Amino acid sequence: MDIASSLLIAVTAWLVLRMRYQRARIALLGHHLAGLRLEHGMETLTQGYTRAIHETTEARQTQVLESFAQTERTVAAQAQSLADAMQRESEQATRMSMLPFCVPYAERFLPVPTRDFRALLRIHAAGLRHVVDNESHMNPKDRAYHLSAELYLLQHSCHWYCKSRSVADARLALRHQVKHQQALDAVSDTTRSAYLAWLRGAG
Numbered sequence: 001m002d003i004a005s006s007l008l009i010a011v012t013a014w015l016v017l018r019m020r021y022q023r024a025r026i027a028l029l030g031h032h033l034a035g036l037r038l039e040h041g042m043e044t045l046t047q048g049y050t051r052a053i054h055e056t057t058e059a060r061q062t063q064v065l066e067s068f069a070q071t072e073r074t075v076a077a078q079a080q081s082l083a084d085a086m087q088r089e090s091e092q093a094t095r096m097s098m099l100p101f102c103v104p105y106a107e108r109f110l111p112v113p114t115r116d117f118r119a120l121l122r123i124h125a126a127g128l129r130h131v132v133d134n135e136s137h138m139n140p141k142d143r144a145y146h147l148s149a150e151l152y153l154l155q156h157s158c159h160w161y162c163k164s165r166s167v168a169d170a171r172l173a174l175r176h177q178v179k180h181q182q183a184l185d186a187v188s189d190t191t192r193s194a195y196l197a198w199l200r201g202a203g
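Our numbering applies: residue 1 is where the sequence shown begins, and numbers increase by one.
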């Protein structure tokens, strides 16, 4: 067998393995999302906040933003439900490679740095609750700005877990025209400090 054929077989096998690996992760997360309306609520909020920004008067902006109060509370509660549900999964199933690209099962068989997705979801749930409860007494516009960033970062983490960090970065930029660092800079101090500690592997 020549080198070209061997390389083709190796690449094909790697692509199949990667597809199975990512499908298993998508299925695991999807299983816990199936009974929730978290994704729908997140979409409602991100689109609603964008619409509010384009209102012509500050009074109208505030009125539109305040109309999402119930959806915000629901999203925060369901993010907590997702975090709680994922705690029942094994550490092996929830480890995330810190490599920028997907290497199937790297967190199991290779000496690469990893982090626990369960811990990351707890950070997101706590961060969303902090902003929704408005413990910092932000005005409606600032609160919506920070809450949007919390939602973007949560989406990024889910895509990272299911695919890879580079795919998560690309999807965030494509869907929301926001870079990962911009989202991280815009979340609450509570979320940012916990997230950075998670990245460092602290705690």
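Just so you know, the hints here were simulated from the structure itself, not pulled from any lab data. Model, not experiment: these values are computed from the prediction. Treat the hints with care, as some may be off.
Estimated spans, in silico, between C-beta atoms of each pair [unchecked claim]: (1) Glu43 x Gly201: 29 to 35 Å; (2) Gln47 x Ser5: 31 to 37 Å; (3) Gly30 x Arg108: 19 to 25 Å; (4) Asp84 x Leu110: 29 to 35 Å; (5) Gln177 x Ala4: 38 to 44 Å; (6) Ala27 x Glu91: 15 to 21 Å; (7) Ala27 x Asn139: 23 to 29 Å; (8) Gln63 x Arg37: 33 to 39 Å.
C-beta atoms are modelled at their ideal positions from N, C-alpha and C, and glycine is treated no differently.
Evaluated hints:
1. Glu43 x Gly201: 29 to 35 Å: With a Cβ separation near 32 Å, glutamate 43 and glycine 201 satisfy 29 to 35 Å, so the hint holds.
2. Gln47 x Ser5: 31 to 37 Å: violated (50 Å)
3. Gly30 x Arg108: 19 to 25 Å: holds (21 Å)
4. Asp84 x Leu110: 29 to 35 Å: Given about 30 Å between the Cβ atoms, the range holds.
5. Gln177 x Ala4: 38 to 44 Å: holds (41 Å)
6. Ala27 x Glu91: 15 to 21 Å: holds (18 Å)
7. Ala27 x Asn139: 23 to 29 Å: Violated, at about 41 Å.
8. Gln63 x Arg37: 33 to 39 Å: Between glutamine 63 and arginine 37, where Cβ atoms are some 24 Å apart, the hint is violated.
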